[in-house]
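Novice: So you can see what is in the structure, the chains are spelled out below.
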Amino acid sequence: MEKRTIATIFVFAIVAVFFFFGILLLHPFGHPGDAQMDDYMIVHTQNETGTNNGVTSIVFDYRGFDTLGEATILFSAVAGVMMLFRRVKK
Amino acid sequence: MIEYIPFISVVCMIFIGLYAAMFRRNLIKIVIGITIIESGINLFLIILGYREGGVAPIYTSLPAGTTSPERMVLPVPQAWTLTSIVIGGAVLALMVSLVMHIYRKYGTLDVQKLRRLKE
Amino acid sequence: MMEMTKIVKTVANILFPLTLIFGLYIVAHGHLTPGGGFQGGAVVASGCALLLVAYGSQWVFTRIKEKRLATFESLGAISFITIALLGLVFSMVFFGNFLAGSTLLFGTTPATGSTLADFNTGGVLPLMNFAVSVKVIAGLFVIVAVIAYASSIKEWDQ
Numbered sequence: 001m002e003k004r005t006i007a008t009i010f011v012f013a014i015v016a017v018f019f020f021f022g023i024l025l026l027h028p029f030g031h032p033g034d035a036q037m038d039d040y041m042i043v044h045t046q047n048e049t050g051t052n053n054g055v056t057s058i059v060f061d062y063r064g065f066d067t068l069g070e071a072t073i074l075f076s077a078v079a080g081v082m083m084l085f086r087r088v089k090k
Numbered sequence: 001m002i003e004y005i006p007f008i009s010v011v012c013m014i015f016i017g018l019y020a021a022m023f024r025r026n027l028i029k030i031v032i033g034i035t036i037i038e039s040g041i042n043l044f045l046i047i048l049g050y051r052e053g054g055v056a057p058i059y060t061s062l063p064a065g066t067t068s069p070e071r072m073v074l075p076v077p078q079a080w081t082l083t084s085i086v087i088g089g090a091v092l093a094l095m096v097s098l099v100m101h102i103y104r105k106y107g108t109l110d111v112q113k114l115r116r117l118k119e
Numbered sequence: 001m002m003e004m005t006k007i008v009k010t011v012a013n014i015l016f017p018l019t020l021i022f023g024l025y026i027v028a029h030g031h032l033t034p035g036g037g038f039q040g041g042a043v044v045a046s047g048c049a050l051l052l053v054a055y056g057s058q059w060v061f062t063r064i065k066e067k068r069l070a071t072f073e074s075l076g077a078i079s080f081i082t083i084a085l086l087g088l089v090f091s092m093v094f095f096g097n098f099l100a101g102s103t104l105l106f107g108t109t110p111a112t113g114s115t116l117a118d119f120n121t122g123g124v125l126p127l128m129n130f131a132v133s134v135k136v137i138a139g140l141f142v143i144v145a146v147i148a149y150a151s152s153i154k155e156w157d158q
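Protein chains in written order, with my numbering: chain F, 1 to 90; chain A, 1 to 119; chain D, 1 to 158.
Treat the hints as calculated values from the structure; they're not laboratory data.
Check each hint, because a few of them may be wrong.
As the list claims (entries may be wrong) - Pairs of lysine to any residue, SDA-like flavour, derived with a Cα cap of 25 Å: (1) D:67 - F:3; (2) D:67 - F:73; (3) F:89 - D:144; (4) F:89 - D:98; (5) A:105 - F:83; (6) D:154 - A:31; (7) D:154 - F:80; (8) F:3 - A:26; (9) D:154 - D:28; (10) D:67 - A:99.
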């Protein structure tokens, strides 16, 4: 095999070793550690935002700034696609 | 060791996508590999927020006896996954448009031939 | 892409209004059941993609004007920003929920614990759901229609 393939396989193996040793340092599945922010949001959703849905109140009220960034990304994707296909005749 | 099986499946998914993005020559296959990596990352975010024996964090008609926050799943990783899916879709749209322009200009989709056609 | 046979067109004629109603139900009840703006918008956009496949991309693209759809998408983004800035005007916080707990449109607060679904709750959230769903539907439909049309004609204008 050529030299480029051997170097790629070597880098692949190093990344695999790092991933597999990184898994063992995470929390076990089903028992997250300290979740104070999530417990506060679950307890106080109905008082402060007035909805029953916890996930929607986080997406639009507690962390609404991330939704603003995501709307910007959608807008820039549509602008990019329309700019790339402008000269296609109708 | 048996409680780490979901994380091992996420790592296998990332490595399948990484293999397709690094070792294939067709441009469409490289784009598909990048999309598989993004799906693996979304799965990892959902796996992080699971509590054992929990229900969805929605107060409309809960099953009986689960109102304390220790019996509900964490809601914040689900909000991050929503944003990540939309970002993945936007990146896929732009990658497909660029691949179409490359094919229209050079006539081929082989990566090793494209390195030598400098016009 | 070429159009399909009459059987496929008839089934798509039946399935598209059902998909539209289902997607708008997911958007409208975003503050009570699982769902919201992004999820319902993706469902309706998949119904529009069904229409594109059944009738052929050339037939659909000569009947919609993609500049008008892009303006529609920008209107959704502008109304989302306007609602956020109204929160700054009325309650001194950017993205503030100024309708929760008041006597205006969506103002009642639900009782704590497991309740039945009351549509009048939610504050400013149902309006934001509607704005984001308009943005997602128009954006995904424009992307799919433009790419499908540009891949079906033989030569471009260059």
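Novice: Each hint should be assessed against the structure and marked as holding or not.
Specialist: Status of the hints after comparison with the structure:
no., hint, verdict
1, D:67 - F:3, "violated (51 Å)"
2, D:67 - F:73, "holds (19 Å)"
3, F:89 - D:144, "holds (17 Å)"
4, F:89 - D:98, "violated (48 Å)"
5, A:105 - F:83, "holds (17 Å)"
6, D:154 - A:31, "holds (24 Å)"
7, D:154 - F:80, "holds (22 Å)"
8, F:3 - A:26, "holds (21 Å)"
9, D:154 - D:28, "violated (42 Å)"
10, D:67 - A:99, "holds (24 Å)"
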